[in-house]
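Single-letter residue listing:
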Amino acid sequence: MSDMRTPLKKVRGLGSAHEGTDHFWRQRLTSVANIPLLLFFIGLIVYLHGASFAETRAALSHPLIALVLLMVIISGLVHMRLGMQVIIEDYVTSEGKKIACLMLNTFFTLVVGVACVFAIIKLSFGG
Amino acid sequence: MGLLLVPIRRMRGVNGPLTQCKNGTKTLLNLPLSSLSALPVNQGSNGAALIIGDAMSKTNLHANRPLSPHLQIYKLIPTMVMSIVHRITGGALYFGTLLVAWWLIATATSEAQFNFVSWVLGSWIGLLVLLGYTWALLHHMIGGIRHLIWDTGRGLDKHTTTKMAWASLVLSIALTVLIWVAAFTIL
Chain A
0 MSDMRTPLKK
10 VRGLGSAHEG
20 TDHFWRQRLT
30 SVANIPLLLF
40 FIGLIVYLHG
50 ASFAETRAAL
60 SHPLIALVLL
70 MVIISGLVHM
80 RLGMQVIIED
90 YVTSEGKKIA
100 CLMLNTFFTL
110 VVGVACVFAI
120 IKLSFGG
Chain B
0 MGLLLVPIRR
10 MRGVNGPLTQ
20 CKNGTKTLLN
30 LPLSSLSALP
40 VNQGSNGAAL
50 IIGDAMSKTN
60 LHANRPLSPH
70 LQIYKLIPTM
80 VMSIVHRITG
90 GALYFGTLLV
100 AWWLIATATS
110 EAQFNFVSWV
120 LGSWIGLLVL
130 LGYTWALLHH
140 MIGGIRHLIW
150 DTGRGLDKHT
160 TTKMAWASLV
170 LSIALTVLIW
180 VAAFTIL
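Chains as they are written, first to last, in numbering that gives the first Met the number 0: chain A, 0 to 126; chain B, 0 to 186.
Because the hints were derived from the structure by calculation, they are not lab data. Positions of the beta carbon are idealized from the N, C-alpha and C atoms, including for glycine. Take these hints with a grain of salt, some might be off.
[Said to hold, decoys possible] Beta-carbon label-pair distances, calculated as ranges:
id: 1; chain 1: A; residue 1: ILE34; chain 2: B; residue 2: ILE124; range: 25 to 33 Å
id: 2; chain 1: A; residue 1: TYR46; chain 2: B; residue 2: GLY131; range: 31 to 39 Å
id: 3; chain 1: B; residue 1: LEU147; chain 2: A; residue 2: MET3; range: 31 to 39 Å
id: 4; chain 1: A; residue 1: VAL67; chain 2: B; residue 2: LEU147; range: 18 to 26 Å
id: 5; chain 1: A; residue 1: VAL113; chain 2: B; residue 2: PRO77; range: 33 to 41 Å
id: 6; chain 1: A; residue 1: LEU7; chain 2: B; residue 2: PHE115; range: 57 to 65 Å
Bound-form chain B, shown alone (with noise of 0.2 Å):
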């Protein structure tokens, strides 16, 4: 069974080539990544480390490979929550498009079923969903158009797109609110 040598660069993500070992120094695979520095390990020409175990241990390096930080981590930035806020849309939408389809399927069958997709619209419940529906598909569409932007390399720098995360939030909630006092008022 070989010995399994991985330097210290790998496992932090940078790729380092593999150098060759001079002698059986102790196992780091069970330690944390912030340990690994302060260890006396041998340093190849590149500066990478060997780290020697056997072929078992090749599961435990798996398991205890350093992870990013996770979501708490970070501090809530208006980008980062219009992105989170553009998936969550989307995933709301997709959904949605069950009650278009309820709606035009009840409209094609009969003057009752349309009823009762109009009497639960109409309702509070149905009329809250509705106004959630509307604005979702408005900051959506918004977000969109910051990506279709995006795309074209121009808006990406930091203070330009924490301004568009802003807008697309004002901008939606404003569209929404507009739309919605045209459907009750003008018409």
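Just chain A, same shape as in the assembly (with noise of 0.2 Å):
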């Protein structure tokens, strides 16, 4: 049998998705990202259980807090993203539904994404 692949689409290793591995690795590198992140995230709930208004906002506008909180946002938005496209895929047939559903996972997550971040970024320098 002789191989229908060009030598380029070895080399590029993309498959017939056009994109390879990529949502594969990039599942695997946010949730290898996410395990410090969130267990920092639980201990800091946990830290931050009962405290007050001035308190908490003490706390969240810190710099290291307020910078490993935006990576907590991101690598976690991210991976639920990939972890929903999938989801989305197995159950969604109707081509039209799926891409509208595609479409409101990116959405959905762009406004909880922008609104954590805007709250973290406030937080620390706006007051």
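Fit the two chains together into the complex; they arrive one by one in their own frames, and the hints show the way.
This is the structure:
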């Protein structure tokens, strides 16, 4: 059996979906990052349990906490968007609905992400 | 309009070569797969039977294709349940981010907003949701670590995966209890 693929296609290694193992890789990369990041997040929530408004603002506006919290948000949201994409692709078989769901998935992620990042930045700089 | 030749092997999902048709046999398109083997059909050299219909039957063919058994056929086993739970917890965590966003926005807005979120999350329903959220996060994380271990090619045999499935359940519940005890006692 002769191989119909061109040498360029083999070298690129992107396959029929044109993105290779990109999705898989990003999912793994963010999952590894999420382990320490979300353990930090759990620790932060436990630490802030019962804290007053002023104490909570002071903690969240601390540069180190704010920076790590931004990473928690970004890594977590990228991971969850990839995960939801797979769920949509598995269960939504109608092509039109699937595209709509995939768009909503990105919109939802962006809305949550922008809201969280804005809040953290406002707490840090805006007072 | 040409005749449609479909080897049975192909219908079962195993690729078999198309063989030549000898004569016009009856169409088998409306019969379930189990009855196919009992019927006299022409056998090709590769064991592929021939089915003949006209082009109109093509849709029929797709509609009557044998499907793999659905969920209720299978006995629930730990690995399967943990796989399903991993996806469900992932979905729950997805929408749970709304709570995180709400809490952060409220804290960045005003004391009244912060107090309102604290009141809602501190209520019985709020605490129950947060307890579930904690467990979902931990279970998904432990399930994810399981996947990372599998990615290295380790721990893939049947008995190990079953043990890992039970371990992820036990560990996630234990850690959830530990975190909540810490939140309500130490600090």
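How the hints compare with the structure:
A hinted range of 25 to 33 Å for the beta carbons of ILE34 (chain A) and ILE124 (chain B) is consistent with their spacing of about 29 Å. Range check, TYR46 (chain A) to GLY131 (chain B): about 21 Å between beta-carbon atoms, so the 31 to 39 Å window is missed. The hinted range of 31 to 39 Å is satisfied by LEU147 (chain B) and MET3 (chain A), whose Cβ atoms lie roughly 36 Å apart. Under the hint 18 to 26 Å, the C-beta atoms of VAL67 (chain A) and LEU147 (chain B), about 21 Å apart, fit the expected range.
The given range of 33 to 41 Å is respected by VAL113 (chain A) and PRO77 (chain B), whose C-beta atoms sit roughly 40 Å from each other. Here the CB-CB span from LEU7 (chain A) to PHE115 (chain B) is close to 59 Å, well matched to the stated 57 to 65 Å.
The earlier numbered hint that this structure contradicts is number 2, and it is the only one.
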